[in-house]
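Asks: If you want the building blocks of each chain, they are given just below.
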Amino acid sequence: MTLAVKETIYQQDFQAKLENANQPAWLKDLREKAFAYFTENGFPTPKNEEWKYTNIAEISNFKFQISNSKAESQTGELLKEFNFERNGLTALHLAFADFVLVTIPKETSVEKPFEFNFKAAENEANFPHIIVVAEAGSKATIIENYESDAKSFTNSAIQIFVEDNANVTHYRVQKESAEAFHIGTTEITLKRGSFYNSTNINLGGRLSRHDIHLKFTGEGGEAFVDGLYMLSGAQHADTHSTIDHTVPNCTSHQTYKGVLNDRSRGVFNGKVFVRENASGTDAQQSNKNLLLSNDARVDTKPQLEIYNDDVKCAHGATVGQLEEEELFYLLSRGLNESLARNLLTYGFAEEIVNKIGIESIKKELDEAVLNRLQTILEA
Amino acid sequence: MLLEIKDLHAAIDGKEILKGLNLQVNKGEVHAIMGPNGSGKSTLAKVLAGHPSFEVTKGEVLYEGKNLLELEPDERAREGIFLAFQYPVEVPGVSNSQFLRLAYNEKMKHLGEEELDPLEFNDYLTEKAKIVEMDKAFFKRSVNEGFSGGEKKRNEILQMAVLDPKLAVLDETDSGLDIDALRIVAEGVNKLRGADKAIILVTHYQRLLNYIEPDFVHVLAGGKIVKEGGKELALELEEKGYDWVKAAGN
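These protein sequences, in sequence, are chains V and U.
At the far end of the first sequence sits residue 378, using numbering that gives the first Met the number 0, and the numbering has no gaps.
At the far end of the second sequence sits residue 249, using numbering that gives the first Met the number 0, and the numbering has no gaps.
Hint data in this document are derived by calculation from the structure and do not stem from the laboratory.
The model shown is predicted, which means the values in this text are computed figures rather than measured ones.
Among the hints, erroneous ones may be present.
To be verified - Cut-off 25 Å, straight-line C-alpha distance, at most; resulting in silico cross-link-like pairs (BS3-like, lysine-lysine):
hint: 1; chain 1: U; residue 1: Lys65; chain 2: U; residue 2: Lys129
hint: 2; chain 1: V; residue 1: Lys354; chain 2: U; residue 2: Lys151
hint: 3; chain 1: U; residue 1: Lys135; chain 2: V; residue 2: Lys361
hint: 4; chain 1: V; residue 1: Lys354; chain 2: U; residue 2: Lys14
hint: 5; chain 1: V; residue 1: Lys362; chain 2: U; residue 2: Lys139
hint: 6; chain 1: U; residue 1: Lys135; chain 2: V; residue 2: Lys354
hint: 7; chain 1: V; residue 1: Lys150; chain 2: V; residue 2: Lys174
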């Protein structure tokens, strides 16, 4: 097979990554497999159905610098459960990934959130990989923050294992520079009676894509997978999510909201699978989008695939502008039109932001949302 | 005179609803506009507030001697007109106190008076909330979201109290209220009566008028006022129904 130049540009970097002595043989082996998958399959293109609306040519046509961190990175065998063969990007991620492992011991409640801050430097590629194991009956909060100041490429992943009766709250905040490229993968496995509550905020990035794969593997699990994308200029943000009910009596809730201005573009693709065995499933999914400009666009596709009759499922998507009646209500109280529009848009976004239980993050996002609205209004 | 409506015609989607309505309201007065369904009561309320779906096709509305119809809805509000909605709108994600402070400060700005910061406003709001016996818990909740019918109506009157309008138009404020809620809302409105302001009560039933005593009752039918009188007219309507006045409108 003849390789396109763009798939070989990281060959040398990869050799350097392999030479890092601080890694076990099995990990080197895994990296080699991942890199081979990447070179063979290449970067995904819009010809691939899953990438139909998201063209990453700008990422594949640019050679980012890869910092070869010599730091010893800790990982466990659970890494092997990460499905790097989803596409070239997940394979590239694993080939270069730097790891952090967090284990929350059995029946332990950790008050202080585990916070991870990632910041890519100009023209650099980063491949952070977090593995969280919340052991049976434990409770913890995980925060992922992504920032950058310039053109950069972050290709991250997190694996979260929520074991029996464990409880994980997860905030993921992506506010990269408007020049940055951001690819993220979140894998969650939920065991018996466990609880997972996530809020995913996407404000930044020139082009960003977040893939979520959540799977219930034990009965009685419950998950909230919520998110907000707020875009302007020429930003493009894509969320692909899969929620897989493979066992009975699990509940999933998904609310994703989008606010799009200028020429920005949003993609929401949410699949919910209810397998044959998964009776008593309750799955709710909604995606609501607010378009603030005529040139903004959103492609939304909520999908339910149900193979069991004893289930309660609902899904829906809306794309629209501010409601006339809501606007009139605010005007009738003396708010001028731009303030009224602003406030309604803010409220629309705040429904997701208000879910955040940590006051400092909530406040920061509140301000980010308001700033974004000011920019929108002044433009 | 606070409000003078002359030969008002208004339409929605090309269909004429108001067909030559006349009304005069002085400061200190409470007027009840009664009438059967479809008579144009709510249309009148919305036209006064400047709802964009309604088109005034003929006539004049003077507010404090000035042409009201050329003002935008938000300008009317800042000039002292308040509409209590029949169906208050939910504004998710925006707290009641945030919303009310913004509205209050917009008005203060317009009047060239001092705006209130969140703490000062909280005190002001706490004071006003007593008028409709509203708990502080409502301040933090999103505007009308998840409120019961009665709570929404109380919230409208709270807004009225906060904004202190010169002319308040209450559109079917009694609908959906049980007797306790009705009493609270009506007592709230009574506390907001004053010699320098006027209230227009739009209502189908006489019920509300047991608690808020009007100075004048106007019966609207077929887009016009067909009968006028004092508060005793409301009782007469309650007794006889609208049929006897409807005929006059046709």
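Asks: Which numbered conditions among the earlier hints are violated in the structure presented, ordered from lowest to highest?
Replies: Structure breaks hints 1 and 4.
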